[in-house]
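Asks: Sequence:
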Amino acid sequence: MKTGGGAPETVRPFRIEIDNVTTTAAPIATQLPADWRVFFALTKPKVMRLVVFTALCGLLAAPGAIHPVIGFTAILCIALAAGGAGALNQWWEADIDAKMKRTARRPLPLGKLRREDARDFGMLLSGTSIVIMGLAVNWLSATVLAFSIFFYVVIYTMWLKPNTPQNIVIGGAAGAFPPLIGWIAVTNEITAMPLLLFAIIFMWTPPHFWALALWVKIDYAEAGIPMMPVARGETTTRRQILVYSALLLPLSVLPWWIGGTGAAYGLSAIALSGLFLALSVPVGLRTSVEGDTMRPEKRLFAYSILYLFALFGALVIDRVVFA
Numbered sequence: 022m023k024t025g026g027g028a029p030e031t032v033r034p035f036r037i038e039i040d041n042v043t044t045t046a047a048p049i050a051t052q053l054p055a056d057w058r059v060f061f062a063l064t065k066p067k068v069m070r071l072v073v074f075t076a077l078c079g080l081l082a083a084p085g086a087i088h089p090v091i092g093f094t095a096i097l098c099i100a101l102a103a104g105g106a107g108a109l110n111q112w113w114e115a116d117i118d119a120k121m122k123r124t125a126r127r128p129l130p131l132g133k134l135r136r137e138d139a140r141d142f143g144m145l146l147s148g149t150s151i152v153i154m155g156l157a158v159n160w161l162s163a164t165v166l167a168f169s170i171f172f173y174v175v176i177y178t179m180w181l182k183p184n185t186p187q188n189i190v191i192g193g194a195a196g197a198f199p200p201l202i203g204w205i206a207v208t209n210e211i212t213a214m215p216l217l218l219f220a221i222i223f224m225w226t227p228p229h230f231w232a233l234a235l236w237v238k239i240d241y242a243e244a245g246i247p248m249m250p251v252a253r254g255e256t257t258t259r260r261q262i263l264v265y266s267a268l269l270l271p272l273s274v275l276p277w278w279i280g281g282t283g284a285a286y287g288l289s290a291i292a293l294s295g296l297f298l299a300l301s302v303p304v305g306l307r308t309s310v311e312g313d314t315m316r317p318e319k320r321l322f323a324y325s326i327l328y329l330f331a332l333f334g335a336l337v338i339d340r341v342v343f344a
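Residue 216 in my numbering sits at position 195 of the sequence shown, and the numbers go up by one each step.
Warning: the hint list may mix true and false statements.
Simulated DEER-style distance windows between Cβ atoms [to be verified]:
hint	residue 1	residue 2	range
1	G334	D56	19 to 25 Å
2	I239	G334	31 to 37 Å
3	L270	G245	33 to 39 Å
4	A331	V68	15 to 21 Å
5	I279	F61	27 to 33 Å
6	I291	M144	42 to 48 Å
7	G280	P183	23 to 29 Å
8	F343	T149	33 to 39 Å
9	G280	G254	30 to 36 Å
10	R253	I211	30 to 36 Å
11	A213	R126	18 to 24 Å
12	E210	G245	38 to 44 Å
13	L270	D141	42 to 48 Å
Here are the simulated lysine to any residue pairs, SDA-like style, with alpha carbons at most 20 Å apart [to be verified]:
hint	residue 1	residue 2
14	K65	A125
15	K238	V251
16	K122	P66
17	K182	W113
18	K238	A252
By construction, these hints were calculated from the structure, which means they are not laboratory data. Cβ atoms here follow ideal geometry from the backbone N, Cα and C, with glycine treated the same way.
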């Protein structure tokens, strides 16, 4: 950043204190050059893997056929949209991320690129994904894709997350769109089955995320984010984890019950969701935490990721192998 046409302005690093350990990071506003790895990190690649997988499963499980090139284009657009939304999320929350141990190593808190560059990158990916989806696949899927970006960036990130402990409950819809969009890419219509796939991820999100929030609640408290464990306390959070896990079991079986899938999926859903509920019981009924291990919570969080991969994998196997 130059002032008065002279040499680049000298910017002092700031210090972040995490668990009584002070580290030095570059300020958010900086002129450091950013390579492709920095921009890739903005897309939240770990989150994108699950987004792409569930979208692909929705596409493969949908009735009818789609040309492989068109199918690839649809998944690519969903990935670009997820990356764009992730970049816009980090642009908006750069100051908050700098205060949290879990997010302090992201590109913007470390000063690896300018904040406005993250914004522009996110808008470019988001806009490109919508236009290509509409022109190459169909405009219904493009419309839902556009709304999913808007929901995550504006409704969840800007509005719900900083203002209500129900942010994850309502905001869970943001992560539930990918299989719906994948399905629409093939069928160009919205029916009961893709809506059920949407509902399953919607119901899965609170216990998945609150299991994580329970052991990083200090981060959220220091950042001023009213996550459920911070705003309503651990007891309420644990009870709600148990409630949502119990509701997830019958909901996950509904696609089989309405005839949208076969027994391979239905039996897998019963087994996988039953184990999900079993792992949530010690979390939901726990009244004291021994030390800071949070083993039941970490176990539930880790399994919840595996659960979604396995459940949607079973959906595709049922459709491709047993249909």
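Asks: Against the structure, test the hints numbered earlier, and report the numbers of the ones violated in rising order.
Replies: 1, 5, 7, 9 and 11
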